[in-house]
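A.B. asks: As a plain string of letters, each chain reads:
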Amino acid sequence: MNDEPRHLRRMTIIWLIISVIADVLFWFLLGPHMAPGRLTSTAKADQFDFNFLAVIALPVMIAIWVFMGYSIRTWSAKRAGVPEPVGGEAARSHKGAIVSWMVITTVIVLFLAGFGTVALISDHGSGGGEGPNPIWSPTGATSAETAALTTSDSWSPSSGKVLVVQVIAQQWKFTYRYPAFGGFETTQLMLPTDTSIAFNVTSLDVIHSFWAYQLGVKADANPMLNNVAFTDTQQPGSFVVRCSELCGLWHGAMFDYGKVVSKTAFMTWATNTETANAANTKDLAPFAWTYVPDANGASGGYYIDGGVTPYSKAELYGAKPSS
Amino acid sequence: MTITADRPIVDAPSSESPPSSGGKTLLSENHGWLSQHVGTALICAILGYVFGHWLGNYIASDYIYIANSGTNAVADTLALGFGAVGWLAGIGALNYPIAKLVGKEAKQQETVNHWTKYIRYSTDHKVVGMQYVVGVLLFLFTGGLLAMAIRTELLNPTTHIFGPGTYIEIVSEHGTIMMMMASSLVVGPLGNYFVPLMIGARRTAFPRIEAFSFWIFMAGYGVIVSALPYGGFPTGWTGYAPLQTQAGAGMISYLLGFAIIGVGMMAAGFNILVTIIHYRAPGMTWSRIPIFVWSILATAALLTLATPVLFAAGTFGVLDRTAQTAFYVTEHGGSSYLWQNLFWFFGHPEVYIMALPGFGIVGELMPVFTRKPLFAYKVSAAGMIGVALLSFFVWQHHLFQSGIDPDMRPLFMLTTELISIPTGFLFLVGMGTLYKAKIRFEIPMLFVMAVFFNFLIGGITGVFLSDVPVDVTVHGGFFVLSHFHYTIMGGLVFAFMAGIYYWMPKMSGKMMNKKLGLAHFWTMFIFFNLTFFPMFILGLLGQPRRVFTYAKNLQTLNDFSSVSAFFLGLSFLIFLFNLLYSMWINPVKAPANPWDSLGLEWQTATPIPPHNFDRIPVILTDPYHYSEVGATPLADFGGPSPVSPVSASSASAPTSASEE
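Listed in order, the protein sequences are those of chains L and P. According to our numbering, the first sequence is numbered sequentially starting from 38. According to our numbering, the second sequence is numbered sequentially starting from 2.
To be clear, the hints were calculated from the coordinates, so they are not data collected in a lab. A portion of the hints provided could be inaccurate.
[Stated by the list, open to error] Okay, the calculated bits of chain P under chain L, using three or more residues with CB under 8 Å as the criterion:
hint	segment
1	161 to 171
2	371 to 378
3	399 to 411
4	443 to 455
5	466 to 478
6	534 to 546
7	619 to 629
[To be verified] Result set (SDA-like, lysine to any residue): computed pairs, CA atoms no more than 25 Å apart in a straight line:
hint	chain 1	residue 1	chain 2	residue 2
8	P	K437	L	I141
9	P	K437	L	V123
10	L	K132	P	R372
11	L	K210	P	T167
12	P	K439	L	G106
13	P	K439	L	W112
14	P	K379	L	T143
15	L	K81	L	V202
16	P	K379	L	L147
17	P	K379	L	V136
18	P	K437	L	E126
19	L	K115	P	K516
Just so you know, even glycine gets a beta-carbon here, dropped at the ideal spot from N, CA and C.
Excised from the complex, chain L in its bound form (with noise of 0.2 Å):
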């Protein structure tokens, strides 16, 4: 029986065909269109990320197909002269075999646990939430946010610094405050072209998650407790902002859109909004990383008791800053 290597050696050549054509066509055809897309440089990194693991994905799957159609074809007991089969040790095992796919496997695995993690940190967390205590940010996120909270925050275009943004969510809602801007609350996101964004997300009543497709940002947004996401955007461009986790009767309707404008279009657009929400803005609770609503605030109150529970408002379960 010395057909053993020709069966390897043409699963091996049609393996080999595929794949290659897979993935060109794969990198060039469909890479470019995959999600999130480009608008920013954590979609990008997201968007790069997701197509290297399919160009290693694809020639593993077509690996295992090969030799399975192949297998089905050749073997099939209604194929006229298919050989008996031969049991015994040999059929049992085959060392070469077993270590050289353990090796592979293991190869492979841990180079895409490398390459995540290289990923992951050198973007800045990916746009992914990083709770109250960020570990991966771009330069100036800390000073910024530390200035946010002391009201002494500033943005301009010339400036440079890390764009604070609180995303506020409730049901079913996502609202937006501007530290930099006075801490202006507004129903509109708005961000400027190349630069660094910090999202600091919190809700008002259960876990919802803020789901900015384009930009390749998500946080889940939990009460009294501040998720901070970072992107650097890039060119102007609209984006969805959909909840990601299912926060109750409208889940399904709660969304919205953003846009991403020139650094003048968005210091005309935040300014005026600063001065038209002036009179709101002061009825605001004090920016704070976390907010909690009073029993009868806009939530309903999450407590099953009815409201019963006496609550104090500001001094206990008002705005108050994190630790």
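Using the hints provided, position chain P relative to the given structure of chain L.
C.D. replies: Relative to the frame of chain L, chain P by itself:
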């Protein structure tokens, strides 16, 4: 092995009753309609429910928080709790412990060979296995109907069939019922039925615990379905707090339902674990037990070790709602992360509770239909144990964007990707077994090949999800939804179907119809892929999970998926019809060993005697000596084998039983 030392091989008594049977049950002197069966269980469940509700109102209706909120969580909880207890008492699960408690002699229930044994508290593992078949199909079809409702709603982004509240109820109920079903889908019916037969045992280690696990599983069905009249629960199957805390009365059905199902899972796991470790026939060494038993062993270990966490998590939730504890209430000192951590600490091993038995069936069936020994048996077993161990170290990949401390993210990315190494062993084993085989594409083998196809897609997309940067986009969307349907449905449910077509001839003595089987397989395989593959694209295009509306440009893909889903639903009706047709309408008697398997379970008489083996067999080798001239016979039955040996393994003189 010490079993033979203290338990001599005995000839079974000629009567129908098992050797250990001592007398009548405590509460029932006969097996007529006045004795305990599913009807009395139902009556007692209703009585328990009413009593619990009254008790809860009696105790708690003047609590201030209850008087003000208008719903009495204590009454709802006690009603469901006592309902479940009433169900167990009504079926007879409590007879033995109560008898022991009051110092009476506890008696064994007789096994009567009458169809009514299937609606009673039977301690015969074969009866329990059959009961589980009906039980899991009830779960499966309930969840499937809800899935049809989901896909109907998603036909159009703007025209709605259901209100948003109803839709969320349906989604949540679908997810929870399917998860409960999937954790018992193989272990319950096939594990309970075949593990003792495959290891040469007469029964499982704890037959009463085994029966208990089934009947409490069914109590769990009642409790989780009760969420619907209570107004459902809005949290999906993941039940995140504080949405959980905010939700209405239906949430109790979810929390208590998981706690109750959890007790059943622990009981089932514990029983099977001990059975496999201690009830193997002499000579059934660890290197000879069938690969299916290895997979059930790994699963049972997970059931035993991971489910207590679920039980605790569910109980904490119930306490938060009734006793006003604050386990998950952040502003009272609890933490919503506590739920997320507890839930996924259970939830990720749970994923492998649902995957491993599927691997086991695939590994068990491949040698039979390729006429070759299982390739790399030890690697396969090691892979299953490896997966089971690693599954406890990956749970935080569900929390990559949750805002939990990011330090551990690279570690959990690594562990999650590492788990694909032992999972990959399955493919090595499959490919090695196929190589130069002679493949018979009977219905079970078709399902096995489909498992490889589907699970490959499910597994590889899992690597994408484990990569944190990619997960930022795909987490919480249709991509992950499609991923786990590919692994659980494409893997486990397909494997279950393979198992049913393969073993039904043994369980019932009747063959499943092949033409209907082919129709079932092809509709299920094709429309499964057409339903779920578009969902990967939907996820990448930005459709989040559990939404009743979506972007207008996604309608074509959604409609394609929905229409395919209706045909997928049809395939399950074909299966159901095949089951009815082959079992009752036009039964065809099955040959003793229709697939020419070498497995020990096929060496018993059909129908299998209540005690399985007249003599405990002495195992001489593993069951995979296909196409091996002069191979050792599987076992020494101490007499003529009930079934003539398979030609592939020509009988020869037993060699020494020292393979281990």
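A.B. asks: Find the hints from earlier in the document that the structure breaks and name them by number, from lowest to highest.
C.D. replies: none
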